[in-house]
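Based on the sequences and whatever the hints tell you, model everything.
Residue numbers (my numbering), protein chains in the order written: chain A, 1 to 114; chain B, 1001 to 1108.
Worth double-checking, as some hints may not be accurate.
Said to hold, decoys possible - Ranges of calculated distance between the beta carbons of each label pair, as one might list FRET restraints: (1) A:72 to B:1108: 25 to 35 Å; (2) B:1068 to A:20: 37 to 47 Å; (3) A:86 to B:1065: 38 to 48 Å; (4) A:20 to B:1002: 26 to 36 Å; (5) B:1068 to A:60: 39 to 49 Å; (6) B:1073 to A:86: 33 to 43 Å; (7) B:1065 to A:57: 25 to 35 Å; (8) B:1057 to A:2: 17 to 27 Å; (9) B:1045 to A:7: 17 to 27 Å; (10) A:53 to B:1043: 40 to 50 Å; (11) A:17 to B:1064: 41 to 51 Å; (12) A:14 to B:1053: 28 to 38 Å; (13) B:1053 to A:60: 27 to 37 Å.
Because the hints were derived from the structure by calculation, they are not lab data.
For each residue, glycine too, the CB sits at the ideal point set by N, CA and C.
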Amino acid sequence: GAVVSQHPSWVICKSGTSVKIECRSLDFQATTMFWYRQFPKQSLMLMATSNEGSKATYEQGVEKDKFLINHASLTLSTLTVTSAHPEDSSFYICSASRRGTEAFFGQGTRLTVV
Amino acid sequence: AQRVTQPEKLLSVFKGAPVELKCNYSYSGSPELFWYVQYSRQRLQLLLRHISRESIKGFTADLNKGETSFHLKKPFAQEEDSAMYYCALGGATNKLIFGTGTLLAVQP
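Laid out in structure tokens, this is it:
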């Protein structure tokens, strides 16, 4: 199957700083990428849908100025958590798909804000 | 509104027993239903999708539009089936809405 890679796998940052997470589709071109957030022992919550070359569509309740998403190419989307605070600590997962095919998931990024 | 409900947080069965993981959905359009599995310390991966109507690792799931259900079944559970299972609903936009997940624990 197709491979989706996230970088970094884990990151610790100080409160108030910004953190960028990359999501790459390694062997296919992803027309759409999705960003999810997963709290401990809970399900994945969709944060936003990212289409290459256009602005991301955020789900209700997700702050677009807080979670900046850029989808500059068909193989790369980035999520930047701006001015991170401890409550932003979570597991962030991306997925990538081509239209009409299944979504492939990255391994996730564990963000800890101290 | 799109919604996926998995009523059981935990399902514990003995090896060789039948398994049924429940999933109900709410969607006004034509749904695409999926089951994803997450083994310990691994990424989420697709188990099966309703349109392919195939059996993967002995699991099957039938879409019942009348009951708006897509329950996952396996006649004889194996210890290696122990994992977190998520039911997901997709629509025209390709985005997936996930249920809360069910942890399947297969006891020896």
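Results of checking the hints against the structure:
no. : hint                       : result
1   : A:72 to B:1108: 25 to 35 Å : violated (50 Å)
2   : B:1068 to A:20: 37 to 47 Å : holds (40 Å)
3   : A:86 to B:1065: 38 to 48 Å : holds (44 Å)
4   : A:20 to B:1002: 26 to 36 Å : holds (30 Å)
5   : B:1068 to A:60: 39 to 49 Å : violated (23 Å)
6   : B:1073 to A:86: 33 to 43 Å : holds (42 Å)
7   : B:1065 to A:57: 25 to 35 Å : holds (28 Å)
8   : B:1057 to A:2: 17 to 27 Å  : holds (20 Å)
9   : B:1045 to A:7: 17 to 27 Å  : holds (19 Å)
10  : A:53 to B:1043: 40 to 50 Å : violated (27 Å)
11  : A:17 to B:1064: 41 to 51 Å : holds (49 Å)
12  : A:14 to B:1053: 28 to 38 Å : violated (51 Å)
13  : B:1053 to A:60: 27 to 37 Å : holds (34 Å)
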